[in-house]
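S.K.: In case you want the letters, here they are:
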Amino acid sequence: MVTATLSDADLRQRAWEIAARVVDPEIPVLTIADLGVLREVAVRDGRVEVAITPTYSGCPAMDMIALEIDLALEREGFLHPKIRTVLSPAWTTDWISEDGRRKLREYGIAPPLAASSRRALFGVQQVACPQCGSANTELLSEFGSTSCKALWRCKSCREPFDYFKCH
Amino acid sequence: MTVANIQISETPLVLYLLRRADDALILGHRLSEWCGHAPMLEEDMALANMGLDLLGQARELYSYAAKIEANGNDEDKFAYLREVGQYRNLLLVEQPNGDFARTMVRQFFYAAFADLYWRAMMRSRDASLAAIAAKSEKESAYHLRHSSEWIVRLGDGTAESHARAQGAIDDLWAFTGEMFWLDDRERALVDAGIAIDAASLRAPWLKTITNVVSEATLTLPTNNWMQQGGRSGQHSEHLGHLLSELQSMQRTFPGATW
Ligand SMILES: [Zn+2]
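These protein sequence lines are chains W and R, in that order.
Residues -18 to 148, numbered by the numbering used here, are exactly what the first sequence covers, in order.
Residues 51 to 308, numbered by the numbering used here, are exactly what the second sequence covers, in order.
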């Protein structure tokens, strides 16, 4: 156990900060806190419990993320943390923080349009190029390098880019 | 060495979950068969990604079924240690890929249903099912848009693509009725507010299908005789072949892990 002198609230805060630094293995500039995947950290009898929510049903990164949280906490002395998955309420791209959206753009991925409504799914999309900011872009493929991204191209700077789809 | 098939206590809810999980697993596996074979790179990625979405839905449904059943089964056992007669998927999803047009027609028929189905299931009184539905609904919406665009492109394309798409529609039509079928055990879940009445989705499904098919200059068959059996474990020969590939590792090396 870390230390008996820290209160559960202090332990919880430390554990949250450690878990919050874990990054998405597919988009390593985003932490799971940026993504909104980290839902809850609790301490019960000195043992940490972390709740995460899956992004997409088939997201292969979730097992990896759970393992990374486990390792990060163990490294810092939180032994045998419990990682559980919560499905409800379902994650949406609206939970990606403003900071996360900025990081995505800097990384070359267009962030999801706000409000993951069916309108955003099917309406006319104006996805701005993350390289030059131009709105003169076109969809190349509905499915890109991973199932959460679509492949777009900028008609101004001619560069292809990934767009993080609304979900 | 042979590996025993698992025994399942099929309560109405467990059966209900397995039916939907099997739909997703089998269709997802079919899509994965395209990996490396699709007509272009973008489609290769699209089909693999849609397969992954379906596999994810299957995993969540199997895991929930395992939790409800509380009989020592888990998602892997449901997928790898049931024989063909224990599978509960729709006959539609086990039909072979055929050519690209056939795969797209199958995908279109199913996605148009899944889109309506999962959206309605978000109102389930079962919180876990409603949560699974909330995710699946968004994924299905993308699958429907993707396949709809292909139906139009193939139908309103060349004489060859038109003929292939029409042939696939004619052949697969008889498997669509099973999506709207429900037995007494499902009816009880509908009455309890856990499941939705699939039969009520037939009219909106037909509307979606009709719109896209007519835009594609294709036609729907007028023959309304429908084939069913998958929901109660009576499958076409195709499922056995699919399972022999899907399960070969666990059947050959029982308990093997990565
Ligand atoms: Zn640009």
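Honestly, I wouldn't trust all of these hints.
Not the full set, but computed from the structure, chain W residues with beta-carbon under 10 Å of chain R [what the hints assert, rightly or not]:
#, residue
1, L(-13)
2, S(-12)
3, P35
4, C40
5, A47
6, T73
7, W76
8, Y88
9, C113
10, S115
11, A116
12, N117
13, L121
14, S122
Listed next, the in silico DSSO-like pairs over lysine-lysine satisfying Cα-Cα at most 30 Å (straight line) [what the hints assert, rightly or not]:
#, chain 1, residue 1, chain 2, residue 2
15, R, K257, W, K63
16, R, K117, R, K127
17, W, K136, W, K63
18, W, K63, R, K117
Listing some non-contacts, in silico: residues in chain W with all C-beta distances to chain R over 12 Å [claimed, not checked]:
#, residue
19, R(-7)
20, E(-2)
21, M43
22, D51
23, E55
24, D80
25, Q107
26, E123
27, K130
28, K146
In short, the hints are calculated from the structure, not lab data.
The beta carbon of each residue, even a glycine, is placed where N, CA and C say it ideally should be.
S.K.: For every hint, state whether the structure bears it out.
M.R.: Hint-by-hint comparison with the structure:
1. L(-13): Violated, about 34 Å.
2. S(-12): violated (33 Å)
3. P35: holds (8 Å)
4. C40: At 7 Å from the nearest chain R Cβ, C40(W) passes the 10 Å test, so the hint holds.
5. A47: violated (14 Å)
6. T73: With a closest approach of 8 Å, the T73(W) hint holds.
7. W76: violated (13 Å)
8. Y88: At about 20 Å, which exceeds the 10 Å cut-off, the nearest Cβ of chain R leaves the hint on Y88(W) violated.
9. C113: violated (23 Å)
10. S115: violated (22 Å)
11. A116: violated (22 Å)
12. N117: N117(W) check fails; min Cβ-Cβ to chain R is 21 Å, beyond 10 Å.
13. L121: holds (7 Å)
14. S122: holds (4 Å)
15. K257(R) with K63(W): violated (48 Å)
16. K117(R) with K127(R): Satisfied, since the Cα-Cα distance of roughly 13 Å is no more than 30 Å.
17. K136(W) with K63(W): Violated - the C-alpha atoms of K63(W) and K136(W) are around 48 Å apart, more than 30 Å.
18. K63(W) with K117(R): holds (18 Å)
19. R(-7): At roughly 25 Å from the nearest Cβ of chain R, R(-7)(W) sits farther out than 12 Å, so the non-interface label holds.
20. E(-2): holds (28 Å)
21. M43: violated (9 Å)
22. D51: Given that every Cβ of chain R is farther than 12 Å from that of D51(W), nearest at about 17 Å, it holds.
23. E55: holds (21 Å)
24. D80: holds (24 Å)
25. Q107: At about 17 Å from chain R, Q107(W) clears the 12 Å cut-off, so the statement holds.
26. E123: For E123(W), whose nearest Cβ neighbour in chain R is about 5 Å away, the distance does not exceed 12 Å, so it is violated.
27. K130: violated (9 Å)
28. K146: Label violated. Min Cβ-Cβ 7 Å, cutoff 12 Å.
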